[in-house]
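Peer 1: Given chain U, work out where chain P should sit, using these hints.
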Amino acid sequence: DTEVTQTPKHLVMGMTNKKSLKCEQHMGHRAMYWYKQKAKKPPELMFVYSYEKLSINESVPSRFSPECPNSSLLNLHLHALQPEDSALYLCASSLTTANYGYTFGSGTRLTVV
Amino acid sequence: AQKVTQAQTEISVVEKEDVTLDCVYETRDTTYYLFWYKQPPSGELVFLIRRNSFDEQNEISGRYSWNFQKSTSSFNFTITASQVVDSAVYFCALSEFSSYGGSQGNLIFGKGTKLSVKP
Chain U
1166 DTEVTQTPKH LVMGMTNKKS LKCEQHMGHR AMYWYKQKAK KPPELMFVYS
1216 YEKLSINESV PSRFSPECPN SSLLNLHLHA LQPEDSALYL CASSLTTANY
1266 GYTFGSGTRL TVV
Chain P
667 AQKVTQAQTE ISVVEKEDVT LDCVYETRDT TYYLFWYKQP PSGELVFLIR
717 RNSFDEQNEI SGRYSWNFQK STSSFNFTIT ASQVVDSAVY FCALSEFSSY
767 GGSQGNLIFG KGTKLSVKP
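Going down the list, the protein sequences come from chains U and P.
Okay, so the first sequence: first residue is 1166 according to the numbering used here, each after it adds one.
Okay, so the second sequence: first residue is 667 according to the numbering used here, each after it adds one.
Just chain U, same shape as in the assembly (with noise of 0.2 Å):
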């Protein structure tokens, strides 16, 4: 298995829900990324974990709360979203944050109403 997969593919969600994006990657790397993208732009980097650990949070606003309960697994919590925040968020795996070989999901589109 070479991918990442993200779950769902699409979400609308109003400024009073809470939600959550699911990640997952089952080729054993150890490194999970969220980034995110607004249209016509490139990946921004939002959070990084190694090991399971937070290692970098690029200031992103608390509205966004990540989470690794195991190496396959990576969430990101929403709640109390802006418009603004209507973005695809992409989730990347590589073995460890010194190895570059980066693999992308397909991403979640997210619209915020």
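Hints may be right or wrong, so weigh each one.
[Said to hold, decoys possible] If you anchor each label on the Cβ, the simulated ranges turn out as follows:
(1) P:V750 x U:K1206: 22 to 32 Å
(2) U:K1206 x P:N724: 21 to 31 Å
(3) P:V750 x U:A1204: 18 to 28 Å
(4) P:T686 x U:R1228: 36 to 46 Å
(5) P:N718 x U:E1223: 21 to 31 Å
(6) P:T746 x U:A1204: 22 to 32 Å
(7) U:P1248 x P:P706: 23 to 33 Å
(8) P:Y730 x U:I1221: 28 to 38 Å
(9) U:I1221 x P:T696: 15 to 25 Å
(10) U:N1182 x P:T686: 21 to 31 Å
(11) U:P1248 x P:K669: 21 to 31 Å
(12) U:P1234 x P:N718: 30 to 40 Å
Think of the hints as simulated: they come from the structure by calculation, not from any bench.
In this text the structure is predicted, and so the values were computed from the model without any measurement.
The beta carbon of each residue, even a glycine, is placed where N, CA and C say it ideally should be.
Peer 2: Structure of chain P alone, referenced to chain U:
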């Protein structure tokens, strides 16, 4: 600070034409990796190539070729005999490796070049 510049925002070619996508990078480190990714409308980032800073050999993979020149800090990507399926946004990206802190795993992306190949 590290930076990746893709000066071409959009390129439009007719099928079978050759096209080169430019990428210029800035970094203070001597050890780094450069990447090209393809992003079709479906959204997934498809890995195309990784090149480390110590390997300046050009690479060819089918219709794709890459020209890495450290002297000009460029890592250009050429598609030969383009096809409609090549239509996508292409991102060049940089990952640094600090000898002190190791890699944090952060990919710095350029703004992307949207390639449209018309039949």
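Peer 1: Each hint needs a verdict: does it hold in this structure or not?
Peer 2: Taking the hints in turn, this is what the structure says about them:
| no. | hint | in the structure |
| --- | --- | --- |
| 1 | P:V750 x U:K1206: 22 to 32 Å | 25 Å, holds |
| 2 | U:K1206 x P:N724: 21 to 31 Å | 30 Å, holds |
| 3 | P:V750 x U:A1204: 18 to 28 Å | 23 Å, holds |
| 4 | P:T686 x U:R1228: 36 to 46 Å | 42 Å, holds |
| 5 | P:N718 x U:E1223: 21 to 31 Å | 25 Å, holds |
| 6 | P:T746 x U:A1204: 22 to 32 Å | 30 Å, holds |
| 7 | U:P1248 x P:P706: 23 to 33 Å | 26 Å, holds |
| 8 | P:Y730 x U:I1221: 28 to 38 Å | 31 Å, holds |
| 9 | U:I1221 x P:T696: 15 to 25 Å | 22 Å, holds |
| 10 | U:N1182 x P:T686: 21 to 31 Å | 46 Å, violated |
| 11 | U:P1248 x P:K669: 21 to 31 Å | 30 Å, holds |
| 12 | U:P1234 x P:N718: 30 to 40 Å | 33 Å, holds |
The structure fails to meet hint 10 from the earlier list, while all remaining hints are met.
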